[in-house]
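Enquirer: Listed here are the chains, written in short residue letters.
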Amino acid sequence: VTPVGTLRVRRFEPGVHSVRWDTFTVPLEDRTTVLDALFCVLRDQDRSIAFRCACRAAMCGSCAMVINGHERLACKTSLASLKGPIRVQ
Amino acid sequence: MGGVKIDAQCHADLPGLLAAGEDSGGTHGSNRLGGNGVAESTVFGAIAGEVAAREASEVTPAQLDLAQVAQIERRALQPLEGGTSGEDPFAIRSTLESLMWDNVGLVRDRDGMTHALDQIRALHARSTRLAVPSSRRLNLAWTEALDVQNLLQVAEAVAHSALVRTESRGAHYRSDFPEQDDARWLSNVYLRYDGAMEPRLWTEPVAFTRMSPPVAVVS
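Keeping their order, the protein sequence lines are chains A and B. Per our numbering, residue 1 is the first one in the first sequence, and the count goes up by one each step. Per our numbering, residue 1 is the first one in the second sequence, and the count goes up by one each step.
Keep in mind that the hints were calculated from the coordinates and are not lab data. Be careful, since some hints might not be right.
[What the hints assert, rightly or not] For each label pair, taking beta carbons as the anchor points, the in silico distance ranges come out as: (1) T2/A <-> L66/B: 49 to 57 Å; (2) V16/A <-> A53/B: 36 to 44 Å; (3) D46/A <-> G49/B: 34 to 42 Å.
Glycine is no exception: its CB is placed at the ideal position from the N, C-alpha and C atoms.
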């Protein structure tokens with residue numbers, strides 16, 4: 001059984017809804033990154049989630065996010081390196 | 001290695017279209033060594049940029065075929081109107097990835113690539129009725145739908161040209177044709193989509209203008 005973790009995502013869609021936090025359960029596979037987890041959510045749980053990324057290889061900087069209070073690249077930040085529920089904004 | 005056919009000034013066959021770097025083909029012959037793509041992008045990117053800047057002020061824009069524009073627009077917007085019964089672009093992409101890895105990957109053969117082409121065409125048929133949420137605002141499922149249509153076309157071009165090349169050369173290795181065959185295959189394979197479902201495919205001999213390939217050593 002794949003272990004799972006909690007991913008909390010800060011979301012905002014101007015004119016549609018105000019800022020809110022959504023909580024998702026994501027698989028914690030070996031070497032899963034925050035970006036992988038966001039794609040898991042997009043694919044399997046919520047087709048309306050939106051985030052920017054391009055190279056997925058820590059070269060372009062498009063997926064810069066605040067992850068657990070620190071500015072990080074989502075494609076370069078492994079879930080295993082984070083403690084507790086993961087907060088993405 | 002594959003890519004858009006260009007001339008020395010990076011012109012593609014379509015007037016006004018230039019391509020450089022990994023989007024263009026031919027510079028590295030049958031294999032591209034790791035890191036050499038950066039050099040190609042730098043050199044040909046500079047050429048393409050200079051040529052584009054010079055020609056942008058000189059070239060008369062081509063007349064748009066408005067019927068074709070409308071057709072492309074319809075195709076792009078279709079997934080937004082797919083409702084709840086359409087095909088899932090993520091599922092098609094995942095199937096395509098496994099299909100290409102298993103059958104058109106590092107080691108290929110005729111049976112695998114023939115199977116892959118059949119499956120790609122089936123996936124292509126499914127990709128004409130995709131469904132994603134209807135928002136046009138940073139809709140990642142929609143971009144996935146647009147991507148997957150392009151991926152299917154590239155996958156078909158790769159599998160089709162690799163199936164035709166009945167030899168092994170560079171990064172192209174076929175277990176059913178493990179030897180390089182210079183007698184038949186000092187050639188490039190070209191594909192062109194003229195609007196028909198099937199691409200037109202042909203080969204042209206490589207023009208050796210400066211250097212010739214070494215004569216193969218028969219063991």
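Enquirer: All hints are to be evaluated individually against the structure, with a verdict given for each.
Expert: Hint-by-hint comparison with the structure:
1. T2/A <-> L66/B: 49 to 57 Å: Given a distance of about 51 Å, which is inside 49 to 57 Å, the answer is holds.
2. V16/A <-> A53/B: 36 to 44 Å: holds, 42 Å
3. D46/A <-> G49/B: 34 to 42 Å: Distance hint for D46/A, G49/B holds at roughly 41 Å.
No hint from the list above goes unmet by this structure.
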